[in-house]
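Order-wise, the sequence lines are chains A and B.
Take the first sequence: its position 69, counting from 1, is numbered 69 in the UniProt record's numbering, and each next residue is one higher.
Take the second sequence: its position 45, counting from 1, is numbered 45 in the UniProt record's numbering, and each next residue is one higher.
Keep in mind the hints are simulated off the structure, nothing from the lab.
Treat the hints with care, since some could be wrong.
Repeated chains share a single entry, so a pair holds when one copy, or any two copies, can fit it.
Said to hold, decoys possible - Taking lysine-lysine pairs in the BS3-like style, the calculated list, with each CA pair at most 30 Å apart, reads:
1) 252 to 162
2) 239 to 68
3) 252 to 20
4) 240 to 162
5) 214 to 258
6) 123 to 211
7) 35 to 214
8) 162 to 29
9) 188 to 252
10) 29 to 238
11) 88 to 68
12) 88 to 240
13) 196 to 88
14) 162 to 214
15) 35 to 188
16) 88 to 128
17) 188 to 88
18) 29 to 239
19) 183 to 258
20) 20 to 2
21) 188 to 128
22) 238 to 188
23) 20 to 88
Computed from a prediction, not measured in an experiment: that's the story for all the values here.
Listed here are the chains, written in short residue letters.
Protein chains: 2
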Amino acid sequence: MKRAERVAAIIKILSETPNKSYSLNYFCKLFGAAKSSISEDLQTARQTLQSVNLGIIQTTSGAGGGVKYIPYISDQDCALLQEELCEKLRDSSRILGGGFLYTSDIMFDSNVARQVATVFARKFQDYKAEYVATIETKGIPIATMTAHMLNVPMIVIRRESKISEGSTLSINYFSGSSDRVQKMSVSKRAVVPGSKVLIIDDFMRAGGSVKGIKDILGEFDMEIVGTGIVIASTEPDKKKIQDYCTLLYLGKVDENTKEIEVYSNCQIF
Amino acid sequence: MKRAERVAAIIKILSETPNKSYSLNYFCKLFGAAKSSISEDLQTARQTLQSVNLGIIQTTSGAGGGVKYIPYISDQDCALLQEELCEKLRDSSRILGGGFLYTSDIMFDSNVARQVATVFARKFQDYKAEYVATIETKGIPIATMTAHMLNVPMIVIRRESKISEGSTLSINYFSGSSDRVQKMSVSKRAVVPGSKVLIIDDFMRAGGSVKGIKDILGEFDMEIVGTGIVIASTEPDKKKIQDYCTLLYLGKVDENTKEIEVYSNCQIF
């Protein structure tokens, strides 16, 4: 195999499995090449990705060392993504009444999910999360992609406990969005006491759901290291969760003038 | 930019957005290179991926032509994935009673989701699906990844109609797994009459859910072009859906001997 081919194959393999560490030996065996050649290939691969802003190849030396791909989105591309989403959300036909917007097409768009997940992956890369947690349903695609980018398992908290979840722990919590007490439950098999968790969700109003996720995982001594939200409403100002990172803000939704106030969080990183 | 770097960048860009068509001009502009150089780069990129079995770069010429990446998994890698999943599923601690197995850790593992989705993407690549549809909750990660691989939007059918879904159409169907009548609903905004849909789900027993998805989407004249299932139980033999493709078969789950009969579908392609 020629150099150009090896470099390309290395980038394909690494970027397909972000944050997964490969030994240099893995590539030596795969290509039947010497360590020195692979080292040079990695150098080229790193420069290539950097020059087109498509991610970082990180090499750690030593016994447990290896090479891995870290997803990256530039400030500029992030701002473009945010503006594109704002544009879509400003469509007045999304207004459902009660201040709700139809967003399922956006949340269930795998391309949006991948890009938003890249933002969260960049933001939370060094938070040492061992799990990504979300609550069903609309946050699942973005949580899936974020878990993929960070190379950690996902915990999906259910609204109702299902027989297929085995033994579950349930809590009741107050949801401001539905203005009533709701239930969430998590499978005991899904949790690992003492581990660090990143919460990802599609929407936050008062923060009741996220607070609920924090509480239910807290029952198992899991530590929340960060919270990533796609859209946070500006109202109420006082939320049940202070420490969260949102991609977009949703302001006033005026059912009469059909105006939707939505804007980017420019301080995301 | 040198050739090796251009080839690597092309592979990264194409493989990050499978089944999305790029014009040659896009790369000419990005790299400031001539069309003839880019053509040669694409040739190298194609050979590279082929030689390591990591996907197909397809070029179509003419006015609407372009270049795109098509995900691929070899027969051998597919068999390895199937055997690995069988191995995991044979763990007797998964037995929940009533013939149910705990599978959430597998279905919510983004790495499994990506690989299984690659199998479905290869299987259904030429079925011209315009949507991937699933029913909440456990099939969503794999459906998300499959939609990503095929570059189509996803429709998530809900168990209950939610205010955030806008106007919905609901049906009642008989679920063999829960032995009762259940409800499913789909947002009218999510469907496009006359379009072709690929159904993806995590588990099928008698096929009641899949039949329900077919019926509810049929109400909007959507045509089901294929059905991909991760695990199909061998019982009952007579299912409500004949035409489906499963990755794995689940046979007898013996609660006394703790034996779980699970095996690969060797005829998947």
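Checklist entry - Quick check: which numbered hints come out false for this structure? => result 2, 3, 5, 7, 8, 10, 15, 18, 19 and 22
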